[in-house]
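**Student:** For chain A, the structure is supplied; the task is to place chains B and C on it using the hints.
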Amino acid sequence: MRLSCTVNGMPQQVDDVWEGESLLYVLRERMGLPGSKNACEQGECGSCTVYLDGVPVCACLVAAGQAQGREVGTVEGLAPAGELHPVQQAFLEAGAVQCGFCTPGLLVATDDLVTRSRAEGRKPADAEIREALAGNLCRCTGYEKILDAVRLAADRMAGDPR
Amino acid sequence: MDFLQPATWEEALEAKAAARDAVPIAGGTDVMVGMNFGRLRPSLLLDLTRVPELQQWADDDGAVRLGAGVPYARVISELGDRLPGLAMAARTIGSPQIRNRGTVGGNLATASPAGDAHPALLAADAEVEVASVRGTRRIPVTEFYRGVKRSALADDELIAAVRIVPPRGPQQYSKIGTRNAMVIAVAAFGLALHPDRRAVGTGIGSAAPTPRRAPAAEEFLAGELDGLWDSRAELPAATATRFGEMVAAAAAPIDDVRGTARYRVHALSVMARRALTWAWADYRKGDPTCA
Amino acid sequence: MSTPTRTPSGAPSHLSGAGGRVGDDAARPDGVLKVRGEFAYGSDLWMDDMLWGVTLRSPHPYARIRSIDIGGALAVPGVHAVLTSDDVPGEKVYGLELADQPVLALDVVRYQGEPVALVAADHPDTARRAAARIVVDYDVWEPVTDARVALGHPTWNQLHDAPAEVTELSRESANLHPHGNLVRHLKVRRGDPEPTADVVVVGEYEVGMQDQAFLGPESGLAVPGEDGGVDLYVATQWLHVDQRQICAALGLPPEKVRLTLAGVGGAFGGREDLSMHVHACLLALHTGRPVKMSYNREESFFGHVHRHPATMRYEHGATRDGDLVYVRATIYFDGGAYASSTPAVVGNGGTMGIGPYVVPHVHVDCYGAYTNNPPCGAMRGFGSVQTAFAYESQMDALAAELGMDPVDLRCRNAMEQGSEAITGQVVDSPAPVVELLRRLEAMPLPPEVPTGDDVDLRDMPGGVSNTTHGEGVRRGVGYAVAYKNVAFSEGFDDYSTARVRLEVVGGEAVATVHTAAAEVGQGLVTVEQQIARTELGVDRVTVHPKDTAVGSAGSTSASRQTYVTGGAVKAACEAVRARVLERAQAVVGRPVADLRLDGGKVVSDLEGVALPLADVLGDEVVEETLEWRHRPTEAVDPETGQGFAHVQYAFSAHRAVVDVDTELGLVKVVEMACTQDVGRAINPQAVIGQIQGGTAQGLGLAVMEEILVRDGRVQNPSFTDYLIPTVLDMPPMRVEILEYADPHAPYGLRGVGEAPNISSGPAVLAAIRQATGLPLTRVPVRPEHLTGT
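Protein chains in written order, with the UniProt record's numbering: chain A, 1 to 162; chain B, 1 to 291; chain C, 1 to 789.
None of these hints come from the bench; they were simulated from the model.
Some hints could be false.
For each label pair, taking beta carbons as the anchor points, the in silico distance ranges come out as [as the list claims (entries may be wrong)]:
hint: 1; chain 1: A; residue 1: GLU19; chain 2: C; residue 2: GLU623; range: 50 to 56 Å
hint: 2; chain 1: B; residue 1: PRO140; chain 2: A; residue 2: ALA119; range: 40 to 46 Å
hint: 3; chain 1: B; residue 1: PRO209; chain 2: A; residue 2: MET10; range: 45 to 51 Å
hint: 4; chain 1: C; residue 1: THR155; chain 2: B; residue 2: GLY147; range: 37 to 43 Å
hint: 5; chain 1: B; residue 1: GLY227; chain 2: C; residue 2: THR155; range: 54 to 60 Å
Computed from a predicted model, the values in this text were never measured in an experiment.
Beta carbons are placed, not taken as given, at the ideal position from N, Cα and C, and that holds for glycine.
Pulled out of the complex, with its shape left as it was, chain A reads as follows (with noise of 0.2 Å):
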């Protein structure tokens, strides 16, 4: 079948997608696109995040079909080429990066995080930032320096100099 949407605000169309696949599979093997992370494949390690009509899912478990016209955001439309956006610069001078597979859905699980709580004039407090990050599972880091990261973020998208 033929599948058009709209990744990282760019039309795309593809065809000859099998209806079985996953929205990851064909960003990842169709759309050139292998920025989100192919880690589980059942929704419970979140190293697949993307944006679905601005809210975060598990591309995994997105029939490729469901995202037919709809607005998909991934890890490589956070910033624009050639810059970083605060929370990938955040998580690369808090150390939160290892091995970073698990980086591409944390960042887009954490702009999420950060830009709502920016959005109702706030920055999340830790025991909110571990539930909302609570799906995406990192084997490398202990989680520690991502919790660094988080609030690094969320002070620099607030205005705060850090």
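**Tutor:** Chains B and C only, in chain A's frame:
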């Protein structure tokens, strides 16, 4: 495999009538796992995410009519006051990403004994509204579960909505998992106190072939509370303990990788006792939502 | 040669910002690619005309194959190849230490999930459907599933010296391999064979099978070469040991089997053995097309070795004052169906099996056995994680028996520099065991959390699942200390190769570091840059892609790469520097004292010289390649286990604070504190990241992680039922690092990655024990253990 994306409820029902082995998909949190691992290869995948009425909830004739496609995240953010038990259950489900996609309708359609919404639905006397080209019917949720991953849904029917009367009393929900987040229930318990009709609702999850209530425990507690509803007096500890034991006695669990049958029974007795203690404390405080 | 459209990127130096030298928090050179989603992991590799390979695996843990019919699979449209063991042109068995594992099943399968056949097709689902149509006729045998039974040893009777009956394995099939079921038996004999003591504690312990659970699945892309060879891009831990085994299986010389490291999504030991390596190469050579293989999570659980489950019996004797007199230990590691690295795991388990303590009389028997359980091999902590649960539990039990504080007992018996290990080896560098423990004790304890009406469920055992508002919750605090050998031991020729080049590009001095050392996430690429910057005084350092075009770097395991490959890079830089300084003096025209490289210049403060490297080098490229070895170790005596077995030890200690819902058996770890001696922190931020990550994996094993195997069958091969800690399971961590230089190591550094993985779990167990008062002799601790259900 075909993929069909009906834009209206009528189209969806017609498609299901025409292809009874079609697998409906909404949030995909069960269906896509089966697809990704080659365990599910339906001839037709029926995407229900474009049917507008499934994505809505509304007050309807004294009940909340919750469209089958409303994701858990919205149950938590929009219905936490009206359906507290279901919202508490929803908060324990999967991860934020899962809660953004997964639906009560999907939980019912899968009808897993471990589905997190079931104990809350049972305790709240929910009704499942199902439909086909033949018409619409309402099934009390107690009659909906028919076996492990089997339900009362006919092969030409789809789940339209769940109907729950917003409670007049406190509700609680507890779930055991061996991790502090993103975990399938080892055992779960839902409780609703109904001071308006002097009744008690319960729901047990992951501890029998189907989600089920604990009728004897409900009856016992309703009897014990008979003199206490009005006085709002303290609940004797022995009553809570006995209630827990009776809830546990209603379970028929098995040993599996997630836990032993003995543990499940034990955990239910503790959860039920604690849930009752919390619910009664809420009731005594006269929380406006519990009035 | 064609290369994949998406290939592993090197580590462009321009991404590393202002650089960073030894001791700095230098940024990862691959970090920007990783946060942009542009870093090419094994599973991201892609070529236009590639095929997808899948593996058909045995559903049985033990069976003889009567026949395999591939006809049905070949008939599926889109299928390009179906291969079995008949298609393996070279050696049909392989292995890290012993070649005992079939590339594809021969006549017998010995574990559930053993690869039987391969399919290549144009879509992964086509390949999977075709594989399902291969018909294998099995004669199913009863599996051997207990290490002691496999060896014909008695199983113990709970805490008493009354051995249970020996299960006779009389069947012909009871020996899994021609040489029997014993992989290795290591003995340590020291002091009096029949010691006595005032106080004796005996304990039996079990550790379940842990999975590395790296997030990036096993994957790679094999590209057939025009020379009849193959290029394999693969996520792995040791390119050259892979190459050796692939060459043997393919019957090709090394120059025809070229490996390049793809991006690695974590490893933790699970990529030390081959997975899809040979399979993809076979399919690529057979079809003449590039072939990609990428396991899904379920297959990953069958596609790599796990941590050995262990059954252990310990007896500790001490004086009334708390001096350890003797330790007797019997340790069984279940190696599963094939040897993998079991011999070395047994070596570690035995030679460090009583912990970092000084004990005059020691009697250890450590066994590794074949069974029909999943093969076990390397995982972070390698043979030391299991024993630490036992020996640290014993120290707590002994302290309780003596009425002593558990930390005091540990300090009283702690190893220090100059102590003799149980192998007789003198610990000849700092061993600050006492300081590690005392520093932990001195750290403030976390406050109690609010309960009742003020409860935040996220602070409670059970979290938002709302199982307690404080009811039944009791706090416990536990301590543990551990040590671990760094690098390969027991006489292994453990070396790394580094090629370092210095040249002037566009007027700027640029160094290139080329090693085959696998970057698996730990940050070795950063360390390589930091060392080159430090030794060559340049800012721009490029890390060449990791491949087999340079000599072996040894394995990314045993906490060894910063030590050994770091040592090799340092030595190669020194050789380059010597040549540059020589050339500088030729340019100056006389010997110059006190010359060094700094800021892209050749500098002598003493003689006021500051020559830009551009002037010294001109067009010359100075390149040195060398092999570097740590000082040799030696095999231990087979009867006594005595010998200089290990080149270096790493020490760490943990304090765990837990809240346990004692009624429901649910655990919330409130805080983890860790102290570790790292010798020298080459990159402090990365060091702390290793400690935090290692702590998490140890915590996971203590409270949730186990591959459940029943009758040789894995019950939970998914992230739904194999649980690893989430961010809600990990507590805040306090980390203090000590830097006591090891005089034998480059920069005085100590390997970091494994020690914290060893001491964290036992500390959590001790804390749970304190909270509950239960003996708890098995990990992971389950709610059933805590509630007697």
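**Student:** For the pair PRO140(B) and ALA119(A), does the Cβ-Cβ distance stay inside 40 to 46 Å?
**Tutor:** At roughly 41 Å between Cβ atoms, ALA119(A) and PRO140(B) fall inside 40 to 46 Å, so the hint holds.
**Student:** Against the range 37 to 43 Å, how does the distance between the Cβ atoms of THR155(C) and GLY147(B) compare: consistent or not?
**Tutor:** Cβ of THR155(C) to Cβ of GLY147(B): about 40 Å, so the range 37 to 43 Å holds.
**Student:** For the hint 54 to 60 Å, verify it against the beta carbon of GLY227(B) and that of THR155(C).
**Tutor:** holds (58 Å)
**Student:** If I claimed the Cβ atoms of PRO209(B) and MET10(A) lie 45 to 51 Å apart, would that claim hold in this structure?
**Tutor:** holds (49 Å)
**Student:** CB of GLU19(A) to CB of GLU623(C), is that within 50 to 56 Å?
**Tutor:** holds (55 Å)
In this structure, every one of the numbered hints holds.
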